[in-house]
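Chains A and B, in that order, give the protein sequences. In terms of our numbering, the first sequence is residues 1 to 525. In terms of our numbering, the second sequence is residues 1 to 525.
Some hints here could point you the wrong way.
Stated by the list, open to error - No farther apart than 25 Å at their CA atoms in a straight line, the calculated lysine-lysine pairs in the BS3-like style are these:
hint, chain 1, residue 1, chain 2, residue 2
1, B, 430, B, 202
2, B, 69, A, 371
3, A, 202, A, 430
4, A, 275, A, 69
5, A, 99, B, 114
6, B, 147, A, 371
7, A, 487, A, 453
8, A, 487, A, 513
9, A, 371, B, 99
10, A, 114, B, 89
11, A, 194, A, 147
12, A, 487, A, 438
13, A, 202, A, 114
14, B, 89, B, 99
15, B, 487, B, 513
16, A, 194, A, 99
17, B, 114, A, 89
18, A, 513, A, 489
19, A, 114, B, 74
20, A, 89, A, 268
21, A, 275, A, 194
By construction, these hints were calculated from the structure, which means they are not laboratory data. Being a predicted model, the structure only gives us computed values, none of them experimental.
The primary structure of each chain is shown beneath.
2 protein chains.
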Amino acid sequence: MSTQKPQSAPAPTTAITPTREQNYAEWYQQVVRAAELAETSDVRGCMVIKPWGYALWENLQRVLDRMFKVTGHKNAYFPLFIPLSYFEKEAEHVEGFAKECAVVTHHRLAPGIKADGRPGLVPAGELQEPLVVRPTSETIIGASFAKWVQSYRDLPLLINQWANVVRWEMRTRLFLRTTEFLWQEGHTAHATEKEAMEETLKMLEVYAEFAENWMAMPVIKGEKTAAERFPGAVNTFCIEAMMQDRKALQAGTSHFLGQNFAHASDIKFSDVDGKVNFAWTTSWGVSTRFIGAMIMTHADDDGMVLPPRLAPAHVVIIPVTHKPETAQAVLDYCTRLAADLREVAYAGRTIEVELDNRDIRGGDKSWQWIKRGIPLRVEVGPRDMEQDSVFMARRDRGHKEKISVKRDEFIATITTVLEDMQSGLFARAKAHRELNSKRIDSRAEFEAFFGAKNDAEDEATSTGGSVKGGFALAHYAPDDAIEDELKTKFAVTCRCIPVDGPAEAGICIFSGKPSTRRAVFAKSY
Amino acid sequence: MSTQKPQSAPAPTTAITPTREQNYAEWYQQVVRAAELAETSDVRGCMVIKPWGYALWENLQRVLDRMFKVTGHKNAYFPLFIPLSYFEKEAEHVEGFAKECAVVTHHRLAPGIKADGRPGLVPAGELQEPLVVRPTSETIIGASFAKWVQSYRDLPLLINQWANVVRWEMRTRLFLRTTEFLWQEGHTAHATEKEAMEETLKMLEVYAEFAENWMAMPVIKGEKTAAERFPGAVNTFCIEAMMQDRKALQAGTSHFLGQNFAHASDIKFSDVDGKVNFAWTTSWGVSTRFIGAMIMTHADDDGMVLPPRLAPAHVVIIPVTHKPETAQAVLDYCTRLAADLREVAYAGRTIEVELDNRDIRGGDKSWQWIKRGIPLRVEVGPRDMEQDSVFMARRDRGHKEKISVKRDEFIATITTVLEDMQSGLFARAKAHRELNSKRIDSRAEFEAFFGAKNDAEDEATSTGGSVKGGFALAHYAPDDAIEDELKTKFAVTCRCIPVDGPAEAGICIFSGKPSTRRAVFAKSY
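Generate coordinates for the entire structure from the input sequences, incorporating the hints supplied.
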């Protein structure tokens with residue numbers, strides 16, 4: 001391989017406006033748009049996931065689904081609607097359950113006079129009992145579990161659902177927080193507390209493995225404090241990742257629900273001795289938020305950067321020829337190259353190739369693929385064809401670097417190159433996290449690390465440069481009042497208490513109480 | 001191979017009560033229940049798809065999705081909710097659009113006084129504009145298409161969505177007609193009428209191929225008359241299958257929408273000469289109804305019968321041993337057999353094996369798998385193990401027939417056996433259809449074939465024996481008034497005018513007008 005100048009005219013010099021440094025929040029929206037991952041719709045807070053974004057989601061689904069099945073789970077599907085009475089039952093058992101949700105009250109549209117006095121269609125056929133569009137399915141799945149579980153022989157019951165859910169969010173951002181989103185929710189029931197806790201931690205481990213090995217996103221596995229727990233859970237575990245603006249993003253949660261939901265849904269079984277007990281349950285989920293996390297972990301000022309193992313396509317081949325007499329030969333050459341690449345196995349599938357022969361300017365075409373984050377771009381012109389070589393550009397090396405590679409060498413080394421990119425993305429993200437994580441041993445240090453809350457520094461306007469801090473690792477004795485204060489004064493939350501790593505005797509930097517482990521504090525999404 | 005008596009005690013003699021002959025509708029519900037495919041929920045008309053049923057759906061999805069992608073379609077995802085105003089816009093363009101749908105009017109639950117005077121949770125936070133849970137997505141996808149399509153270069157636009165949809169149905173039946181169901185909906189836009197019509201027919205062909213080659217269900221491809229068309233469509237094409245009670249079931253539709261929806265959604269493009277035109281669009285869909293169709297095509301009085309190519313699992317291995325000292329050796333033998341079978345490629349995946357070592361009665365265990373419709377059951381006891389053979393039962397051969405097969409022969413021939421079952425199911429269904437299809441050449445013959453409508457003969461109570469008729473192939477000049485009369489008097493509809501087969505000059509048996517093709521008439525689901 002030898003580094004050379006590109007054959008074609010220089011491409012336009014900037015892709016995403018603004019840059020991360022100028023305005024991180026706006027940069028994020030522009031990357032989503034430019035990469036054609038998703039767009040907003042006329043429905044408040046609901047997004048359209050475009051083909052490139054949905055193909056990424058399908059790859060996530062495929063890999064996660066295999067991991068769930070290997071660990072013994074089966075998929076099923078439960079109703080979109082939950083009767084209002086289920087929420088009343090839950091409200092009795094669970095403090096602080098979600099109330100912002102979409103409520104169906106009618107089952108017909110009929111001609112009538114609208115609120116503004118004009119004639120049109122109005123809701124008709126009022127329901128006796130309103131239905132809620134599921135914000136999560138513990139209660140409706142619990143109703144089935146209560147029927148399915150009779151004896152210890154029916155346990156463990158290990159179920160997963162891929163579904164859409166709706167939570168009425170006041171402020172939404174594509175992928176990170178939308179009114180409707182896609183997710184999977186695992187729900188399991190066990191005969192013993194120990195088994196349920198093992199399941200909770202096993203799925204936390206599955207999420208962490210997936211985030212690190214497939215998304216190339218380093219995560220901290222930890223437990224939430226009481227203040228940040230899922231309503232109704234006994235323990236909530238999570239994976240937390242650091243975004244490029246040094247804020248934390250919770251990317252997946254796994255809840256140990258004790259017997260709380262079994263009580264609410266009446267999930268009981270008779271044990272070996274015929275004694276009737278309540279089951280122990282868990283739930284765990286990840287969502288399309290994962291895509292937002294990948295963008296904020298890997299994308300750069302040129303656009304999206306896809307981890308190769310999950311990329312909808314690995315390589316785009318662009319025929320470059322200005323003479324009509326060579327066009328067909330170059331296209332045929334590219335078609336054969338694509339066919340050969342599609343035979344190569346990689347990351348549980350085969351290399352996926354886009355052959356882009358559209359009749360648009362070469363520079364525009366390259367930039368579209370750069371913004372979309374495809375790992376490899378390959379250009380083939382008549383001279384390359386004669387030399388049986390291709391011009392290759394790696395998405396992780398800046399948009400100017402292209403190298404000439406012999407065709408056969410390109411095919412023989414493509415999986416090595418992709419794996420090098422995959423591990424490079426992970427290493428870069430991990431180095432960024434380590435650089436911006438600090439052991440903090442006093443409240444004064446903590447305050448200096450984060451600085452006072454800046455009103456202009458909220459999600460919608462924050463810039464990469466102005467967010468202070470990162471991950472503060474500090475001894476902490478959990479206390480709701482302290483967390484309230486930190487949120488108000490510094491916009492900081494306790495992200496988690498890591499489950500890995502050594503125990504370490506210490507003193508809470510806020511209360512002076514004893515602590516055995518450092519917690520992670522950060523600003524967050 | 002030699003036919004022998006089973007080693008274990010005789011199994012119970014009947015599985016499904018009632019039989020098809022006794023009460024077809026009730027038999028259907030009992031098969032769904034006994035096969036553990038789905039169950040009703042507390043939410044009116046919404047079903048729970050159980051793991052065995054959902055795995056079947058996943059297999060359908062996987063194969064269909066591949067067929068859609070091979071034909072150039074990409075998946076995307078659009079909002080669950082559709083603004084009320086979109087329906088008003090559609091109502092202007094489309095006569096007879098669906099009005100029975102779930103309407104979201106509030107976005108919060110709050111404490112309050114309920115209709116019955118008791119305190120509880122009530123809907124709060126009324127929406128300015130109500131939202132409708134999608135019954136189908138032409139309008140919301142049309143809104144995106146209007147943005148995505150600018151120039152002829154953006155066409156054709158070939159999109160598919162896998163999603164849940166909701167239609168408020170008065171009478172529901174698991175899989176066949178439910179308030180919420182899962183489906184795929186293809187939506188495409190084209191520059192010319194010809195291309196859009198080609199797409200419409202191409203997807204009809206995909207559905208027919210899938211139904212026949214994968215579901216083992218023979219179908220007639222045809223066009224609907226105006227009376228049965230999708231509201232807003234110019235032409236609606238469908239695949240129609242005959243169920244075991246000789247009624248027709250529409251299993252998939254493909255609509256040529258002309259420019260109607262492009263007008264409603266403002267999908268325009270500039271052509272090569274810069275002239276602005278409306279696009280030509282299509283839509284096509286199949287749903288979880290496919291599972292109902294498979295049940296009513298193949299299941300028998302013992303329960304479900306799965307077409308091997310789509311079966312969630314192909315073979316169950318049951319260790320049969322009553323002596324503790326041989327139990328482990330038999331189990332190990334079965335585990336090795338399962339591992340070897342899982343290496344065998346079949347129908348785009350590998351043989352999927354259930355190893356059932358549960359501690360329940362052997363007869364109950366066998367019957368569970370018979371009812372679930374697994375293609376092959378294999379029993380292995382200590383004596384089989386010594387002889388290196390297994391006892392095999394085929395689901396399509398009645399529950400009493402078991403044969404002893406050498407282990408290696410079983411592995412070597414399993415794909416041949418499964419393909420034999422697959423083609424046998426298809427042949428049996430096709431013979432049933434042919435036996436019950438009749439060329440009808442006069443109104444008198446037609447009336448004798450179907451008999452007058454019997455009020456007791458509706459879906460909920462019909463028995464296999466009492467439904468008269470089948471498929472009547474008669475010359476017909478489409479006329480809404482005639483179809484109204486046939487529906488009222490005979491509960492018969494024109495299912496379609498087949499697109500294949502020779503043209504044939506004739507005279508409409510109802511009106512005496514000329515006709516060039518026979519139409520298919522039947523009672524239907």
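Checked hints:
no., hint, result
1, 430(B) - 202(B), "23 Å, holds"
2, 69(B) - 371(A), "24 Å, holds"
3, 202(A) - 430(A), "23 Å, holds"
4, 275(A) - 69(A), "31 Å, violated"
5, 99(A) - 114(B), "16 Å, holds"
6, 147(B) - 371(A), "20 Å, holds"
7, 487(A) - 453(A), "9 Å, holds"
8, 487(A) - 513(A), "20 Å, holds"
9, 371(A) - 99(B), "42 Å, violated"
10, 114(A) - 89(B), "15 Å, holds"
11, 194(A) - 147(A), "23 Å, holds"
12, 487(A) - 438(A), "19 Å, holds"
13, 202(A) - 114(A), "53 Å, violated"
14, 89(B) - 99(B), "13 Å, holds"
15, 487(B) - 513(B), "20 Å, holds"
16, 194(A) - 99(A), "32 Å, violated"
17, 114(B) - 89(A), "15 Å, holds"
18, 513(A) - 489(A), "21 Å, holds"
19, 114(A) - 74(B), "39 Å, violated"
20, 89(A) - 268(A), "17 Å, holds"
21, 275(A) - 194(A), "18 Å, holds"
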